[in-house]
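Chemist: These protein sequences, in sequence, are chains X and V.
In terms of the working numbering, the first sequence is residues 1 to 363.
In terms of the working numbering, the second sequence is residues 1 to 89.
Because the hints were derived from the structure by calculation, they are not lab data.
Worth double-checking, as some hints may not be accurate.
To be verified - Covered, in the sense of this in silico footprint (three residues per stretch, anywhere, with C-beta under 8 Å from a C-beta of chain X), are these stretches of chain V:
(1) 9-20
(2) 42-54
(3) 66-75
Glycine included, each C-beta is placed from N, C-alpha and C at the ideal position.
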Amino acid sequence: MKYLDEYRDAALAQQLTREIHRVTTRPWTLMEICGGQTHAIVKFGLDELLPEQITLIHGPGCPVCVTPVGIIDQALEIAARPGVIFTSFGDMLRVPGSRADLLSVKARGADVRIVYSPLDAVKLAAQNPAKEVVFFGVGFETTAPATALAVYRAAQQELKNFSMLISHVLVPPAMESLLSSPNCRVQGFLAAGHVCAVMGFEEYVPVAKKFHVPIVVTGFEPLDILQGVWMAVQQLESGRAEVENQYTRAVRSDGNQMARQMMMEVFQVVPRQWRGIGEIPRSGLGLREGYQAFDAAIKFGVIGRRVEESPECRSGLVLQGQIKPHECPAFATKCAPEHPLGAPMVSSEGACAAYYRYRRQPN
Amino acid sequence: MTAINMCLAIPGKIVSVSGKDPLERAGKIDFGGVVKEASLAYVPDAVPGDYVIVHVGFALSRLDEDEAKKIFDYLKRMEELSELKESTP
Ligand code: SF4
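The following block holds chain V by itself, in its conformation from the complex (with noise of 0.2 Å):
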């Protein structure tokens, strides 16, 4: 028996959506090579290519991208932060 796990959310990319209906529309989603289908009913504006958080078949929320670097740059401005103030005595 596979343990299917009602908590886990996990992000995956979305490779097609059909249906025309808003409540009915659902897509493939990708994530890491295993490809399922979820519903996009809550995720109208997402298109192919977009990362999207699913939950029990549901898309509940799409990726944002520049949201999504913010805590790498923040972690390099302060490694080279770090760094400067290592080299100057």
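Extracted from the complex, chain X is given alone in its bound form (with noise of 0.2 Å):
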């Protein structure tokens, strides 16, 4: 598939860690942000690949797993109320609430569909008048162009039976909690190629030079990777913190213009909840003022409580890059992805089902 299997090539990839291992004199520490590169990092090995003294860690860059508890529950609380169709992405069934999780609440009888866009769920609202439509709008800037437009859209059609229930969070400002704790190991970070897709890499120089970190931009084939990994060591190596971007085809300095008005037209910036991590002040987004009649949580008056996590559970040290899934001693016995005791471990994107899937037995 183009723009795909060529970026999976074999021998280029080990001419790509060839490289690496030539730059690299020193141990550092690298982040990738963003679930989807750290399940190809597993998936691929490609931290195998790397010379021993490059760590990487994984960030908490999976929606699914910083989405608070408090969250899922006003969300099956919603769900079971009668009259209502609940729609979300497929990967925020399973995640537990701190009873529940929405794939029980459907099997007890709750209305709860899967989407694809959340333009469908709007659809599902145009013909449905006399349902309540809500979806579950979470995910980071590489979603919420998506409810953004949704939410658009129900009002341009003056939609009074659609809302959402709305839990998007910020990469920048979660990447500079991480960097202002004591405990923080990162030296340099692959950001999030698609959110920069969106959002352009220009907020990011500030954070590289205030905490002396490099930062690339890189894609999610392992070609991509291995390229971002390597610009960063060379940077560590000459002493260099920039800004870099590995993934050109995709993102321009600037973004998705279109995309970031319409995120600004509906949403603005507020304080969120991450789950495992604490609050993070201007992390997340909001509906602005003109867009609140479409705020799930008023409409149905469900308030967030904030719920003790289970205390098994390591997500938060994990999403923080502090310790490995399988350091976890929850990992693989108490926790699997069929009985997930947190977020990391339901999705595909998690660094703990990551861990589970290639690599159960560590090495």
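Each of the two chains sits in its own frame; use the hints to bring them together as a complex.
Modeler: Dropping the structure here:
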């Protein structure tokens, strides 16, 4: 497949790996932000190709994993109401709330449906005027343009029976929060290519400068990731801390202007709770005043409660890159994809699920 | 249940385009044989034959052919360079 297979070429990957070995003289710790990158790294064993001095730690870039239990509980409460069609991306259905998940609420008779695009939920609302259609709007800057247009369309069509439960999160504030932690081991970042395809990468420039960390905007295929590592290591070895773009075929410095405009039309920046990490100021998106009629939390009067996570789940440490998934005592024993204790085991982008799938026996 | 993964954004080729209103513009996108509909609202310049990155039913970015080649050109030059070095004593 074009733009896919050629970036998986084994010979070229080896060539890049040799380059990385050649330029590496000291130990360096890099963090990839995006769960899609984590998945590719573990699946293709890219970390095992790298010199021993290079450690890759897996960042909080899985939106399923960082959605707080309190919001999942709100979703469950709304989905269980009569007359509601609750719509969501498929990967949210098995994320455990404090007592249940969407799939079990569905099994008990709630009308929970998986949609491919948020626009499908708007269509459902138009087709079912007697029902309340709610969409679970989660995700990073990559899904926000889609949910923004869905809300905008619903407003244009004056749909009174459509609303969204929103828990959008933003990547750069999370990076800053990680870097500000005294336990931070990260010396360089592979930034998430598709987030940057939307947002561009100008906002990373002050972050790279303030914390003196190289940030390389990186794609998702093996060659992309290896090239991203290579660019970051070269910066570290020469003492530079700049923002560079590996993923030039998809990312321009100012991102996608139309998508950004639509996001800013519908959303405003708000503080957000991150599962396993805590509240991060200015790290999420919520509906602007003019669109609050579409806010499901207001419409259904569900108030966010802070809920304790399962005490056995170490997802907070995993999401901050302080431990690897298989270092969690519950990994592959009490916690597995069929009965997850924490969100990183649910989504295939979650670090715990990626390790479970590809690396049950850590070496 | 097919897992629909919200993170996965993949490249596909635009087969056809429909809709006049910029926000209503949509296209059929071919992902290596599987054809799906996606909104083209955010890639106003994209035309059939272009490759786009699609995420949750939205094309987010048009792929740039020239930029896409760069890494391969670079690796090829490196290869030639190292062969050159090996062949000169
Ligand atoms: S293995 Fe399971 S319990 Fe442990 S951190 Fe991961 S999700 Fe939580």
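Chemist: A separate judgement is required for each hint: does it hold in the structure or not?
Modeler: We went through each hint and held it up to the structure:
A count of 4 residues in the segment 9-20 of chain V with a Cβ less than 8 Å from any Cβ of chain X is obtained; the coverage claim is therefore met, three being the minimum. Under a criterion of three residues with beta carbons nearer than 8 Å to beta carbons of chain X, the stated coverage of the segment 42-54 of chain V is upheld, 5 such residues being counted. Coverage of the segment 66-75 of chain V by chain X holds. Counting CB-CB distances below 8 Å, 6 residues qualify, and the rule asks for three or more.
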